[in-house]
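Protein chains in written order, with UniProt numbering: chain A, 1 to 347; chain B, 1 to 347; chain C, 1 to 347; chain D, 1 to 347.
Careful, some of the hints might be misleading.
One copy or any two copies: either way a pair holds, since identical chains are not told apart in the list.
[Unchecked claim] Below, a list of computed lysine-lysine pairs in the BS3-like style, where the Cα atoms sit at most 30 Å apart:
hint	residue 1	residue 2
1	K87	K277
2	K149	K277
3	K277	K167
4	K28	K225
5	K149	K63
6	K2	K59
7	K87	K28
8	K63	K225
9	K144	K28
10	K225	K167
11	K225	K144
12	K2	K28
13	K225	K141
14	K2	K87
Calculated directly from the structure, the hints in this document are not laboratory data.
These numbers come from a predicted model, not from an experiment.
Below, each chain spelled out in residue letters.
4 protein chains.
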Amino acid sequence: MKAAVLHAFDETLTAKEFVRYEEVTDPKIARPMDVIVRIGGAGVCRTDLHIVEGIWRSKVDVKLPYIMGHENAGWVEAVGPGVEGVKVGDSVICHPLVTSGHCLACRRGNDMHALDSSFPGINANGGYAQYLLTGQRALIKLPKSLTPKDVAPYTDAGLTAYRAAKKASRHLLPGEYAVVIGAGGLGHIGIQVLAALCAAEIIVVDRSADSLELARTCGAHHLVKAGESAVEAVLALTGGRGAEAVIDFVGEGDAIAKGLAMTANAGSYYIVGYGGKIDIPTIDMITTEKTIVGNLVGTYAELVELMALADRGLVNLHTREYRLSEANEALHDLHHGRIHGRAVLIP
Amino acid sequence: MKAAVLHAFDETLTAKEFVRYEEVTDPKIARPMDVIVRIGGAGVCRTDLHIVEGIWRSKVDVKLPYIMGHENAGWVEAVGPGVEGVKVGDSVICHPLVTSGHCLACRRGNDMHALDSSFPGINANGGYAQYLLTGQRALIKLPKSLTPKDVAPYTDAGLTAYRAAKKASRHLLPGEYAVVIGAGGLGHIGIQVLAALCAAEIIVVDRSADSLELARTCGAHHLVKAGESAVEAVLALTGGRGAEAVIDFVGEGDAIAKGLAMTANAGSYYIVGYGGKIDIPTIDMITTEKTIVGNLVGTYAELVELMALADRGLVNLHTREYRLSEANEALHDLHHGRIHGRAVLIP
Amino acid sequence: MKAAVLHAFDETLTAKEFVRYEEVTDPKIARPMDVIVRIGGAGVCRTDLHIVEGIWRSKVDVKLPYIMGHENAGWVEAVGPGVEGVKVGDSVICHPLVTSGHCLACRRGNDMHALDSSFPGINANGGYAQYLLTGQRALIKLPKSLTPKDVAPYTDAGLTAYRAAKKASRHLLPGEYAVVIGAGGLGHIGIQVLAALCAAEIIVVDRSADSLELARTCGAHHLVKAGESAVEAVLALTGGRGAEAVIDFVGEGDAIAKGLAMTANAGSYYIVGYGGKIDIPTIDMITTEKTIVGNLVGTYAELVELMALADRGLVNLHTREYRLSEANEALHDLHHGRIHGRAVLIP
Amino acid sequence: MKAAVLHAFDETLTAKEFVRYEEVTDPKIARPMDVIVRIGGAGVCRTDLHIVEGIWRSKVDVKLPYIMGHENAGWVEAVGPGVEGVKVGDSVICHPLVTSGHCLACRRGNDMHALDSSFPGINANGGYAQYLLTGQRALIKLPKSLTPKDVAPYTDAGLTAYRAAKKASRHLLPGEYAVVIGAGGLGHIGIQVLAALCAAEIIVVDRSADSLELARTCGAHHLVKAGESAVEAVLALTGGRGAEAVIDFVGEGDAIAKGLAMTANAGSYYIVGYGGKIDIPTIDMITTEKTIVGNLVGTYAELVELMALADRGLVNLHTREYRLSEANEALHDLHHGRIHGRAVLIP
Ligand SMILES: [Zn+2]
Ligand SMILES: [Zn+2]
Ligand SMILES: [Zn+2]
Ligand SMILES: [Zn+2]
Ligand SMILES: [Zn+2]
Ligand SMILES: [Zn+2]
Ligand SMILES: [Zn+2]
Ligand SMILES: [Zn+2]
Ligand SMILES: [Zn+2]
Ligand SMILES: [Zn+2]
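With these hints in hand, go ahead and build the complete structure from the sequences.
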């Protein structure tokens, strides 16, 4: 099959070609619950840039060359002998983790913390390709309203945004405020999820006027230009007390310190983006009683919930389509902030 | 009246006399809900050392000379014209914050986040004295089983430990683990509260053999000597995954990094002690999905709950009594780690 | 002042005059925190009909003649000497309970369960009058967007619906269903609150075509005619499993059994309306693991939340105005199902 | 193999022989995840009496003759070709439900509400036998401290009591009260779980002096003789307000009305036992804002939690052993209230 393969890290992200579009061996069914999915679309993620940079080498054991792409949807192409519930031809979206379902985390519904799992596109070959090897427990059948290439980025970008926004929505009350930092691929979904799940007023902070405009169409109530006066602007909008929830989809540079400063006493700062550091005196955590919440991608059940929102039109992904052979162009466009919404590779 | 008065900051904590025992003007009833309490005992707190050091100058507007002491209990000496519910002679414990009860935080039961409050001993004269000015809404009548001098440190040391341990107990399940870092004045109460409120196994980390022995009598199931191999020891006790809750009563030095390293994926690190910094890459928060929880002193209702535990003997304060005129000795003993439990000043 | 006074119970609700419009003594400030409100509007509630019927005699100690009206808003007319925070002329909405704020329920934010409170219009004179005696802790200042006569019914009809819908919204996930039984004065607000606070699909059951049409404009996604086949209709809409939340604003006749039958396994049936009986074998509760939730009016803080929704236009009360002298007409119109939304008396 | 087989219902429970001890065909592995367990012990449950009475005929499709026994533990005897994680010879306890793990309830950790499951002993052959057919997902390996015959009743009696007590422990605060109605096979475990998971004071109501004595050894703080004055006794113990949680392990006769009357305003009544009816006016649910909670057996993860408590000695089952051939004697002893704790059949 054709795939866009990563052969070398590039810490400065300056190479013209991050991946090489080439012919590779097809994946094969090896175990009873294996499923091969023909890719309809694969989302291009900032994590892919971080993988190219080599940031993930210390977290995950992966050997080059391998195929990135952890945001996948398509059609069932082949199933192992033990597979029930999906059949060849079904259109499906792929939860990023493939689990056996036996560990206590899975039994409690926290499959993202499974002890025994694979993560195609991170620690195994992913979906920058024509075909993907995954497993039955990762698959959700799509309703007729949804097409694989249009929903692929929900599996990680969407699902991570959903999980963080859902956590915030559990405590946000009418009259309270949520700040979203970064209205990009994840952020523009997070805004829509907040608008669907609670009645807090939503303030979006971004440095790009285009992203702020996208935020407005996604349901933001107040727009704030990122920069020196962003904290003051948020405090002014919130009666001086800050927002009860701040969801930081940037997670690097001054976003972190500013995000914490925008958080109200007794409020929560949700960290989703990464690359930077949290650096705060313990006395400031104590006197303000703030909470800092790390956020991983959501569970299988949460992807079902997100598909229910998408099916009803309550969230919409803004995607820009590239051919699989144009993977490098998509990665560079993302790196240089030229994508408002989410890039998808189509084989 | 007699009081132990702070006249000057001492950033190095090397002075022989931090406070001066002297005659000062008695406090007076000024407003309808004011209450004067004759002090039965006033707890000596690490926060008092931090006040002497001047750490709190940037957080709180306080002018010297003033009287420290925010952990108070005693007997009602005089009441304002609007006071109901307590009368002269009642033995009472004083919630550290005096609020009007009108702001939305108070209306929701979060009186520690009241917008309009005073905090005797922090931003007003406190209980290192014979008499204290407080307000009706701060007072809880003591059951007969409890004596002011024995319970005074519950108001802050106990109540802060209670709140953090209660938060942890809400998610700790049988088969899970709680780590307590620091078995001192707060920690030894936190251990007892955990043992009363949940069935997690309790691991206590401290560098002092005496404190570890105190921890054992408080209900700790496993004792770990603080130091280089403490993280490994906790991982070994928890099947390699760390503890679902870590409560850090130290909050400075290497306790913070080690505390975060002892926290299981999807677990929570509760920060109570202060003086140091939290410093962690955002990627580590994301991939582990940990939560960092700041902790302030508890609410009025939580002090009622803590008194119910004390009344039934489910928590016991280990106190060491000093005369009010010996305040400097108590402060130095605390500073040099010579107190296992909690010092109390008795006028 | 003028008031519409209840002089006698009428168990069959057949009298032409339930209340008599007449001159009565003005209320007076007696205690420091008392406030007199000049009524801008007083909601007419099904509870008022139940009071006339005498249903409440066994629950509440009230002596005739007295003035009904527990849903009040207006302008501050006079304040006691201890009142802060509101001043003469302020436009205010009145939380129905007047509390001292000292009991443990109040301290925990559950002021509706206050041990020491009065409930004007239920156990004291209410707002079917020109002036109302209430207390400072009951008052919320109105934003400029809201006028007393337009918001009065929020204090009970709105607030009770808000509380029940908020409880349901805490567990309703995308892809799940909420049934609202009865789209009247409370129900039409409950629908709007659900739509604002969660993304469940909302099914409304009512016997009146007009009420169903009102439900649609309030945000209902599916409309079901009450009657024999209503349970089957709900099961068909929910894939055979029933709704995860059923909010019953009727609470009498066959609504109760049908409401329980519409509730999914592991789901919750919220009972708000009253007059009938819950009658269910314990085995059915066990095998389905359903929960039955009683619902009282909401807290002061919840009324603040509801006003935030109203201020932003996320909930709208459908009111029909009557002069205070037309109170009997309003009560009869309500009794005979001629009001879609809520009647308000204007002095 | 030998088994005690049910051949006929007996609505009056007057027959001498409810089941017949006889030779039957051995169970066989049919599907990849099947497991055969050699029974070490099978708990005898009030539900078995209700099955004999025929109460369950309308709930569950079961054809006579069949083998009861849904509380099983033993040793793995044979495994299907797809089984991982357990091997022949392992000592195991059997969660009562056998699920595939694929439905959304399982994915969320609520396996007791699985759409596709079997329930050996209820709708399939159970453990009143030498061997039991179950599935991999139902099995938990026992720690060395625990022996199958001593833990078998945990699977249902223990797990149901655990789940109800755990739900209550999530909201019970120090200073609050829990009432346990019925200190029998389930109740005596429920008491121990409450004592382990929270610090509420525990009041036990039972009509048997022996059961009350067992309750005391299990951790009850107050004992109340069931009967006319039981409600008054509970109100007297709780300052007149009732208990914040009432767990009713009887669920028939006057226990239900009395249990609801013992429940404090804003409190919860947990119904576990069955046979009777809940019958309460909706107005009483509204004015008191009580909640009625149905309780099914717990999840797989909850059985893991309960085993952690048992392993640490925090709960202890009081069992009385019978040979499998004495099944009728055990059933009659249970029926006539002669068992304090739990009967276990040993093949
Ligand atoms: Zn991604
Ligand atoms: Zn797993
Ligand atoms: Zn202190
Ligand atoms: Zn306040
Ligand atoms: Zn010193
Ligand atoms: Zn009303
Ligand atoms: Zn109160
Ligand atoms: Zn059973
Ligand atoms: Zn299932
Ligand atoms: Zn018998």
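Violated hints, by number in ascending order, as checked against the structure: The structure breaks hints 1, 2, 4, 8 and 13; every other hint is satisfied.
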